[in-house]
Amino acid sequence: MTISYQLKRVDFIFKNENDWEDVLSKSISRTPQELINELISSELKGRGGAGFPTGLKWKLSSEEGDDTKYVICNADEGEPGTFKDREILSRVPFKVLTSMAVCGHVIGAKEGYIYLRGEYFFLQPELNKAISEFEYYCKEINLDFKIRIFMGSGAYICGEETALFESMEGKRGEPRNKPPYPSSYGYMGKPTVINNVETLAHTFTIFKYGAKRFYDLGVQYSRGSKLFSVSGDTPKPGIYELELGMSLADFVDEFGDGDTKAVQVGGASGFLVPRKRFNETAIGFQGKLTGISLPTGGSMMLFNSSRSMFNVLDNYLEFFREESCGQCTPCRVGCQQLLSGIKAVKRGEKNAQYLDKLMRLAETMQYTAKCGLGQSVANSFSSIVENFREEMIY
Amino acid sequence: MTKKIKISINGVFVEIEPGTTILDAALQAGVIIPTLCYHKDLCVAGNCRVCVIEIAGQKRLAVACATPCEEGMEILTNSLKVRNSRKHIIELLLSEHNADCTRCYKNGNCELQNLASEFKIMTQDFIQLAPLRKYTIDMFSPSIVKDDSKCIRCQRCVRTCVELQGVNALTVAHKGDHMKITTFFEKAMNDVVCTNCGQCINHCPTGALVEKNYIEEVWDAIADKTKHVIVQTAPAVRVGLGEELGFEPGARVTGKMVAALKRLGFDAVMDTDFTADLTIMEEGTELLTRLKKVLVDHDPEVKLPMATSCSPGWIKYIEHMFPNYLDHLSTCKSPQQMFGALAKTYYAKARNLDPEKIVSVSIMPCTAKKFEAARPEMHDSGYRDVDYVLTTRELAIMIKQAGIDFMKLEDMHYDRLMGESTGAGVIFGATGGVMEAALRTAYELVTGREVPFENLNIAPVRGMEGVKEASIKIENPLKEWAFLEGVELKCAVAHGLVNAGKVMEAIRSGKASYHFIEFMACPGGCLGGGGQPIPTSPEIRRKRAEAIYAEDAGMPIRKSHQNPEIIKIYKDFLDHPNSEKSHHLLHTHYTSRERF
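Chains Z and Y are the protein sequences, given in the same order.
Number 252 in the numbering used here belongs to position 252 of the first sequence; there are no gaps in the numbering.
Number 478 in the numbering used here belongs to position 478 of the second sequence; there are no gaps in the numbering.
Check the hints yourself; a few may be wrong.
Derived DMTMM-like pairs: lysine to aspartate or glutamate, alpha-carbon spacing no greater than 25 Å straight-line [stated by the list, open to error]:
1. Y:Lys-3 - Z:Glu-169
2. Z:Lys-146 - Z:Glu-169
3. Z:Lys-346 - Y:Asp-125
4. Z:Lys-261 - Z:Asp-216
5. Y:Lys-180 - Z:Asp-314
6. Z:Lys-178 - Y:Asp-125
7. Y:Lys-212 - Y:Glu-286
8. Z:Lys-350 - Y:Glu-15
Reference listing, derived: stretches of chain Y covered by chain Z, where coverage requires no fewer than 3 residues with Cβ under 8 Å from a Cβ of chain Z [as the list claims (entries may be wrong)]:
9. 23–30
10. 38–48
11. 60–70
12. 91–97
13. 119–127
14. 174–180
To be clear, the hints were calculated from the coordinates, so they are not data collected in a lab.
We put the beta carbon where it would ideally sit given N, CA and C, even for glycine.
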């Protein structure tokens, strides 16, 4: 199946921040129900990678009866190959702050936090300035909403929402058992909406222009535009806003160096697509009618023929082995086994069939790991081993 | 009442209370789901993933311990997907584990070994990771040996140390493959706040945490004909030992235990209950003296409430956590140490033995007792008062090694001189027991009448409530205690160090006004001690407690001051409670310790 949808650049996210005061005051004059409906009809899905419908997320938290609720902006951008949230926070911070306050209005929260990746400490001074300006305006319009920055300390796992809460609570950053979900039991055990930076930038667009403007972009199940962090063997690395639903072939035409062997969609926890599947792969959320659709938090890594896929996988697995929180067996030990397993095959200490055993192990990790980290190791592992088996062995 | 919800487990429909976890629901339906990181005493962690199950319509598996049932759920606990995943997880755990089972202290009582056996993990497909790392075994503590190569990172010990004990000596550090269970700054166990309570050992599913054992040393002493080996047995051992030797929890095996000890070759088999009675005499007198000094003399140097000092885990806890409150502790040594001091003085004299030739062994439900016996101040007899401390588990090992068919043993009696005890001594083994024993004696000393409770059973201080309170009003006391007329003696009992911490905080903040508090480091008191048989659970501890109280009820004498051997020792040796000699041999002092 070939995807006919063309790659289209758009320019929403980094534009038109200046009227944020207007967007904020207009939005909070609307009822929570109206705003939720607006979001739901936009069909915006979370831009962190998991793709949970944002409107539904806000709705669930708004229905909780608790007096204390929280809005958290997940800026722990740690997925290898993503660097878009950094740009949003440095270029259009008021969009994010505005959306957080609107979310507070919708769910009934008076406090918001930005969980900022430890390595992004340099964003803090400017962001704090923006926050004071923002809070000053909130005071003017009698909106009771405070935003604070919480600095992460460098653990990848703390981007997982419940590990993030634990980290904020001063505990070890380990994911929690789910259920309960953050919408009812989040930060400090209170109902919490936690959204990716980019998601909040899009909600700004939706509140400003209405759901239709957003909905008209993209394809069915994958509405709107998305920021892509393009890196690897490309003549033009950088951040690009594109409509969802394009084919990977078009993407490679635009960004490849003419020798693209494979693209890693969605970072280390995403999928590797080999050249022979570029035509049949679309970038977006999986829907019933589409062919192969790959969601992504925005990371697009291009590899040309000079790259060894063994080295690529080896690198990912070292990353996971180190960044697993270590609490659950499948992830902690599984990552070690996958890594030492492919090395053993490469050295000839294990035979090629051992890769099949490792594939089954990866599948078990997907079924049984406690959180998204361990569950998604199988994505890159299986897609690389399946498509580049000979590179694993020889 | 809430409406029940209907689910199906392996095709069988069951109705259960909403909020029930899948694990509990399955148990109600007669389906056992294997677990590892789950423990009835602890919060749910859901990190080992052994209890994964399949829920119809969900691609991923869920963990039974942490997932609540929902209406209409169709649960499969033994589908192919579940079996394969579970087997993988056990294989992964084994690949990370130093599975040198034949050389492991926990061989035969290891939950990981059981799982491996159940799932017949006969091959080793995955790469063995454990030998690839450098591990050092922490043997610095006199009580606890920590071997990280056997650790499966289930965090049961951490949850125990934090939730049950509030000590936080053990913690999780690092992430990924470096994640490990360790201490503050990865110091040795003897160099941190560890109280040596041994609850981590009781809750460890593998051999990563075990007691430091002194079995061979004791065998050597027994074999040495020049030595006279005297053994004492703590109250709680007699209601726990049976579990290691084929009896159900709650079996009372006092007579068999004495018989077994004699067969093992100990020269004298004595009872710590005797010195428990002695503790009551000393501590009861100390309490009454303190009350007089505070109420009548208004002596600002004397502190109330007075806290018991029998539990060495509690002693180390207060030394670390509340060092400014050490003068609240009774100066009485624990029964074990009183016994030790007397073994090499009173006993040696009575039997005409050279104390240097005496080896004093104690059988304790406790690992902290090993540390206590090694404290530098515990040499009041002129020698080390207690030479070796064995746990209930170590004694069971010796009995098995000696080929003794424990079940068939005829009951025997303790030897005389320090082998007589009362019901009051026995109940030291249960939470509230010291308090109850003290009240039975103190009330009677003061008023000349028995405590006003039916059959001497002081119910308010019994049971498994974390903190218990009781008060007794003193009316018509004897003339010499007239100053206590109308005084309402307020008492509290705390067991499990997390509860001890709560009571201490209440005292520090001035919210509590007690006269006398019993503190026990372990949940349920000594019967739930860190040296008792594994497994432990609230249910098992309840059964052991029932056995303790049954033992008490069956005793002809149930008040410490009526113990004929106690009367004798005061007549022949100590003169009277809190005499100069008692102070020399039976009382001690404490050491303020840092937290870090």
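Comparing the hints with the structure gives:
1. Y:Lys-3 - Z:Glu-169: Violated, at roughly 35 Å.
2. Z:Lys-146 - Z:Glu-169: holds, 18 Å
3. Z:Lys-346 - Y:Asp-125: With Cα atoms ~17 Å apart, Lys-346 of chain Z and Asp-125 of chain Y stay inside 25 Å; holds.
4. Z:Lys-261 - Z:Asp-216: Violated, at roughly 33 Å.
5. Y:Lys-180 - Z:Asp-314: Distance of about 24 Å is within 25 Å: holds.
6. Z:Lys-178 - Y:Asp-125: Outside the cut-off at roughly 32 Å; violated.
7. Y:Lys-212 - Y:Glu-286: violated, 35 Å
8. Z:Lys-350 - Y:Glu-15: violated, 50 Å
9. 23–30: With 0 residues close enough to chain Z, the hint is violated.
10. 38–48: Held - the stretch 38–48 of chain Y has 5 residues with a Cβ nearer than 8 Å to chain Z, which meets the minimum of three.
11. 60–70: Coverage by chain Z holds for the stretch 60–70 of chain Y (6 residues, Cβ < 8 Å).
12. 91–97: Our answer is that it holds, as 4 residues pass the Cβ test (under 8 Å) against chain Z, meeting three.
13. 119–127: holds (count 3)
14. 174–180: holds (count 6)
Of the hints listed earlier, those the structure fails to meet are numbers 1, 4, 6, 7, 8 and 9, in rising order.
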